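These are the residues of each chain, in order.
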Amino acid sequence: AQSVTQPDIHITVSEGASLELRCNYSYGATPYLFWYVQSPGQGLQLLLKYFSGDTLVQGIKGFEAEFKRSQSSFNLRKPSVHWSDAAEYFCAVGARASKIIFGSGTRLSIRP
Amino acid sequence: EAGVVQSPRYKIIEKKQPVAFWCNPISGHNTLYWYRQNLGQGPELLIRYENEEAVDDSQLPKDRFSAERLKGVDSTLKIQPAELGDSAVYLCASSLVDIFSEQYFGPGTRLTVT
Numbered sequence: 045a046q047s048v049t050q051p052d053i054h055i056t057v058s059e060g061a062s063l064e065l066r067c068n069y070s071y072g073a074t075p076y077l078f079w080y081v082q083s084p085g086q087g088l089q090l091l092l093k094y095f096s097g098d099t100l101v102q103g104i105k106g107f108e109a110e111f112k113r114s115q116s117s118f119n120l121r122k123p124s125v126h127w128s129d130a131a132e133y134f135c136a137v138g139a140r141a142s143k144i145i146f147g148s149g150t151r152l153s154i155r156p
Numbered sequence: 034e035a036g037v038v039q040s041p042r043y044k045i046i047e048k049k050q051p052v053a054f055w056c057n058p059i060s061g062h063n064t065l066y067w068y069r070q071n072l073g074q075g076p077e078l079l080i081r082y083e084n085e086e087a088v089d090d091s092q093l094p095k096d097r098f099s100a101e102r103l104k105g106v107d108s109t110l111k112i113q114p115a116e117l118g119d120s121a122v123y124l125c126a127s128s129l130v131d132i133f134s135e136q137y138f139g140p141g142t143r144l145t146v147t
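Those protein sequences? They're chains A and B, same order as listed. Under the numbering used here, the first residue of the first sequence is numbered 45, with each subsequent residue one higher. Under the numbering used here, the first residue of the second sequence is numbered 34, with each subsequent residue one higher.
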């Protein structure tokens with residue numbers, strides 16, 4: 045069965061520092077992978093997605109993620125965070141003819 | 034372009050009462066999803082529609098939950114009767130084509146069952 049693990053429940057980083065949010069998945073075939081962001085009181089917004097091709101994916105708001113098949117990971121990165129990046133981040137996995145499964149999320153706080 | 038609209042935003046009811054949530058997807062989006070998000074968790078799919086047809090309702094608790102999408106546009110999700118464990122945020126999303134088109138989420142309805 046497919047599953048997604050986000051091992052970090054809460055992360056705090058200083059403004060301007062780099063960020064990496066971890067995501068590990070379990071799926072038998074090549075998965076489709078997503079990162080969503082949820083700001084307080086807002087709906088989820090897609091940051092980026094990976095279906096195939098280049099394993100380094102660029103997304104909106106300066107985020108990127110790298111698909112590593114050998115590690116079953118799809119970690120999200122940003123070189124320099126801004127206070128407005130404080131939010132909940134969800135990794136998700138899916139496949140053709142299958143639903144998308146979301147991880148439990150990582151809450152990001154920004155230290156001034 | 035208007036986003037996904039949901040109402041109400043908040044709802045407090047007593048257990049055993051009925052409740053309904055409404056969703057208006059983005060114009061032209063054929064696929065509509067209802068998710069439930071429990072506190073501290075990611076969204077879990079309840080039901081997915083492609084136009085008027087419910088193509089995946091395997092996670093919908095059919096003894097108390099029902100949904101409809103008349104005319105392939107608006108959708109309503111109903112719970113009757115509500116239980117304490119139904120307290121959650123109910124999210125509606127829509128996408129242009131299929132499950133791998135970008136899903137656009139509404140702000141959700143926060144349900145509290147007392």
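Please keep in mind that the hints were generated in silico from the structure rather than gathered at the bench. This structure is a prediction, so every number in the text was calculated from the model and none was measured. Glycine residues also receive a C-beta, built at the ideal position from the N, C-alpha and C atoms. Accuracy of the hints is not assured; some may be wrong.
Derived pair list, reagent style DSS-like, types lysine-lysine, alpha-carbon separation capped at 27 Å [claimed, not checked]:
{"hint": "1", "chain 1": "B", "residue 1": "Lys44", "chain 2": "B", "residue 2": "Lys95"}
{"hint": "2", "chain 1": "A", "residue 1": "Lys93", "chain 2": "A", "residue 2": "Lys143"}
{"hint": "3", "chain 1": "B", "residue 1": "Lys111", "chain 2": "A", "residue 2": "Lys143"}
{"hint": "4", "chain 1": "A", "residue 1": "Lys105", "chain 2": "A", "residue 2": "Lys93"}
{"hint": "5", "chain 1": "A", "residue 1": "Lys143", "chain 2": "B", "residue 2": "Lys104"}
{"hint": "6", "chain 1": "B", "residue 1": "Lys49", "chain 2": "A", "residue 2": "Lys143"}
{"hint": "7", "chain 1": "B", "residue 1": "Lys95", "chain 2": "B", "residue 2": "Lys48"}
{"hint": "8", "chain 1": "B", "residue 1": "Lys111", "chain 2": "B", "residue 2": "Lys95"}
{"hint": "9", "chain 1": "B", "residue 1": "Lys48", "chain 2": "B", "residue 2": "Lys104"}
Cβ-Cβ distance ranges computed for the label pairs, FRET-style [as the list claims (entries may be wrong)]:
{"hint": "10", "chain 1": "B", "residue 1": "Lys104", "chain 2": "A", "residue 2": "Gly106", "range": "16 to 26 Å"}
{"hint": "11", "chain 1": "B", "residue 1": "Pro41", "chain 2": "A", "residue 2": "Gln102", "range": "16 to 26 Å"}
{"hint": "12", "chain 1": "A", "residue 1": "Gly97", "chain 2": "B", "residue 2": "Glu116", "range": "43 to 53 Å"}
{"hint": "13", "chain 1": "A", "residue 1": "Gly60", "chain 2": "B", "residue 2": "Asn84", "range": "19 to 29 Å"}
{"hint": "14", "chain 1": "A", "residue 1": "Arg121", "chain 2": "B", "residue 2": "Ser134", "range": "39 to 49 Å"}
{"hint": "15", "chain 1": "B", "residue 1": "Lys44", "chain 2": "A", "residue 2": "Ser96", "range": "17 to 27 Å"}
{"hint": "16", "chain 1": "A", "residue 1": "Asp98", "chain 2": "B", "residue 2": "Pro94", "range": "17 to 27 Å"}
{"hint": "17", "chain 1": "A", "residue 1": "Lys112", "chain 2": "B", "residue 2": "Arg42", "range": "21 to 31 Å"}
{"hint": "18", "chain 1": "A", "residue 1": "Ser116", "chain 2": "B", "residue 2": "Ser91", "range": "45 to 55 Å"}
{"hint": "19", "chain 1": "B", "residue 1": "Lys48", "chain 2": "A", "residue 2": "His126", "range": "14 to 24 Å"}
{"hint": "20", "chain 1": "A", "residue 1": "Ala73", "chain 2": "B", "residue 2": "Ile45", "range": "21 to 31 Å"}
{"hint": "21", "chain 1": "B", "residue 1": "Val106", "chain 2": "A", "residue 2": "Leu100", "range": "32 to 42 Å"}
{"hint": "22", "chain 1": "B", "residue 1": "Asp96", "chain 2": "A", "residue 2": "Gly72", "range": "26 to 36 Å"}
Falls inside 16 to 26 Å, the C-beta gap from Pro41 of chain B to Gln102 of chain A? Given about 38 Å between the Cβ atoms, the range is violated.
Can you tell me whether the CB distance of Arg121 of chain A to Ser134 of chain B sits inside 39 to 49 Å? violated, 25 Å
Given pair status - Lys48 of chain B, Lys95 of chain B, alpha carbons within 27 Å: Holds, at about 17 Å.
Taken at face value, is the distance from the CA of Lys143 of chain A to the CA of Lys49 of chain B at most 27 Å? violated, 30 Å
Indicate whether the distance between the beta carbons of Asp96 of chain B and Gly72 of chain A respects the range 26 to 36 Å. holds, 32 Å
Per the hint of 16 to 26 Å, is the separation of the Cβ atoms of Lys104 of chain B and Gly106 of chain A within bounds? Since the Cβ atoms of Lys104 of chain B and Gly106 of chain A sit about 40 Å apart, the hinted range of 16 to 26 Å is violated.
Tell me if the straight-line CA distance from Lys93 of chain A to Lys143 of chain A falls inside 27 Å. Holds, at about 15 Å.
Going straight from one Cα to the other, do Lys48 of chain B and Lys104 of chain B come out at no more than 27 Å? violated, 31 Å
Could you check the hint for me, namely that Val106 of chain B and Leu100 of chain A are 32 to 42 Å apart, CB to CB? About 39 Å separates the Cβ atoms of Val106 of chain B and Leu100 of chain A, which means 32 to 42 Å holds.
Quick check: does the Cβ-Cβ distance between Asp98 of chain A and Pro94 of chain B fall within 17 to 27 Å? violated, 41 Å
What's the verdict on Lys111 of chain B and Lys143 of chain A, does the C-alpha distance respect the 27 Å limit or exceed it? With a Cα-Cα distance of about 22 Å, the restraint between Lys111 of chain B and Lys143 of chain A holds, given a limit of 27 Å.
27 Å Cα cutoff - pair Lys44 of chain B, Lys95 of chain B: holds, 21 Å
Checked against the numbered hints above, the structure breaks hints 6, 9, 10, 11, 13, 14, 15, 16, 17, 18, 19, 20 and satisfies the rest.
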